[in-house]
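**Q** The lines below spell out each chain.
There are 2 protein chains.
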Amino acid sequence: MKKEVLEVLKKNKNNFISGEQLSNRLGVTRTSIWKQINILKEEGYKIESISRKGYKLIEEPDILSRDDLLIELQNNKLGNDIYYFKTIDSTNNYGKKLALDGALEGTIVLSDEQTGGRGRLGRAWVSPPGTSISMSIILRPTIYPNEAAKITEITAAAVANAISRVTKLKTGIKWPNDIIINSKKVCGILTEMSAEINSINYVIVGMGINVNINEFPDEINNVATSLKKELNMEISRKELVINIVNEFEKLYYDFINTGDLSKTVEICKEKSVILGKMIKIINRNEIIIAKAIDIDENGELIIKKDDGEIINIISGEISVRGINSYI
Amino acid sequence: MKKEVLEVLKKNKNNFISGEQLSNRLGVTRTSIWKQINILKEEGYKIESISRKGYKLIEEPDILSRDDLLIELQNNKLGNDIYYFKTIDSTNNYGKKLALDGALEGTIVLSDEQTGGRGRLGRAWVSPPGTSISMSIILRPTIYPNEAAKITEITAAAVANAISRVTKLKTGIKWPNDIIINSKKVCGILTEMSAEINSINYVIVGMGINVNINEFPDEINNVATSLKKELNMEISRKELVINIVNEFEKLYYDFINTGDLSKTVEICKEKSVILGKMIKIINRNEIIIAKAIDIDENGELIIKKDDGEIINIISGEISVRGINSYI
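For the protein sequence lines, the chains are L and B, in the order given. Number 327 marks the last residue of the first sequence (our numbering); no jumps. Number 327 marks the last residue of the second sequence (our numbering); no jumps.
Since the hints were made in silico from the structure, they are not lab data. The C-beta atom is built at its ideal place from N, Cα and C for all residues, glycine as well. None of the hints are false.
Derived coverage of chain B by chain L (criterion: at least 3 residues anywhere in the stretch with Cβ under 8 Å from a Cβ of chain L; other residues may be distant):
1) 94-102
2) 138-152
3) 191-198
4) 313-320
No more than 30 Å apart at the CA atoms, straight line, and that leaves these computed lysine-lysine pairs for DSS-like:
5) LYS53(L) to LYS41(L)
6) LYS35(L) to LYS11(L)
7) LYS77(B) to LYS97(L)
8) LYS97(L) to LYS97(B)
9) LYS86(L) to LYS97(B)
10) LYS291(B) to LYS304(B)
11) LYS86(B) to LYS97(L)
12) LYS97(B) to LYS77(L)
13) LYS228(B) to LYS168(B)
14) LYS168(L) to LYS277(L)
Modelling step: build the complete structure from the supplied sequences, incorporating the hints.
**A** Put into structure tokens, the structure is as follows:
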């Protein structure tokens, strides 16, 4: 009911709508409407109430409210089911549990705060409350397990595009899974899957974005940044989430429906901060120093080693002078 | 406590041990010993009790008792933690939940009956109570996700060897994941994993073995068999489980510790029922008719197509005249 009240208020934003109209339209009592309005106010929605005139939505808070996002994403393929937490250990972990219990493609898990957020290889990822986006999307693509890296590429392209659209900041992609602004990391992506040998049960793609974080701990301050730090103003997390879902959905279904990854690859190449540079690639115990020369049509990185050998790599931890993975 | 009582009885099988001895050795009261003996009797252990002489274990039931297996596998690397169910939907599903909660490598899930057992691609697998083995092993190998198929090969080799050792029956392997006796399927293997792009979180390898099943439904009777049907006698499921764990553990740690898959490949080649034959391979929507010519050092199948092209495949649904996948 709260969602329906909010939906009507949003459609009439900055205009009054009477309690009676709301009550008629939604088929519930005016007392019930009044209760929902109060809950919305508590959540931070600024709603003016004047007797005889009714209710007017003046301002929406920057919370990642489930109801609000369900309204905003109702015409999308993704985000028809949203789980929102004030705090959680890790949205990817929760997504895995949902997926194991049968959650459908497009289910989204969001949390205002993550207490046990993870980057790749189980590393910690800090997601303080109120200032970051911790989001995981459950996908059930009919692709082979060795294609899962493409989902990381799609996500990187989508997040970079969405950030640029919302903030006008120039975003870079440090292949395969980091978004960079002014040589510092603003977003990390963690793709995990459950698979049989030849088929994927589900993919969880998680992203942690530093949005309105003011300060970072000393040890990461020189490698991490936030949108607010770069822009000197707060950014609406809700607007960013909506834009990410929109961008992601375009690139993802392009790939799923036609097998075509070209738009994603185009964005990843254009925004790449490593192409043409000498990079260090760490994969388990192997370290390779090589020149990053291209990203191929499958999203794989093509590198040229010192001895002239040219090879493809599908993933790895990359560092390049001035731009390092952090934590 | 029940486990400790059983352990002493097993060590003194067919000999009497007095309640006082048991009580002293285990540091509990004789009443407490008596209670545990009664529970064991209820589970099916035949224990003679004669006053002044004490207790004598005469016969062990063919149940996949957790306590019993913990005793039998106490010197093994795998099986130090065992979950046993009278009935469960799927041991692989339960294994996934345990792994998500941090279960260690070697944790084993067993069920007397599976109500929602699955073969590959979500197909049903029948595991009636009392007559089959439904077992899943949780592994945490430090290998790449594209190597997970090797775990299937190791399991196939281990199960085929164990069945042959216990029953003296000739076992065949229908690459990659079926064990065959006299052209009929007696065991299926389902390997599932949770992974990041470049590293495995965990692998669950599940196996369903038709041990003492008397009859199969008509629709699978011509493609499925059980050890009892082939041998005309009952086989101890417990003995088989112990042998499988022993065989598996040898081949698995050979591979994990040294990267050497050669013993596994040797067994899979020697027991192969498809090498040298024309086979049909179905992968998603692709169907290939080709001759199976070899299994390479990575456990991949090498096939030769009609046009002479030779390719490697890592998995797929194989059928060969007279031997079909069932269900």
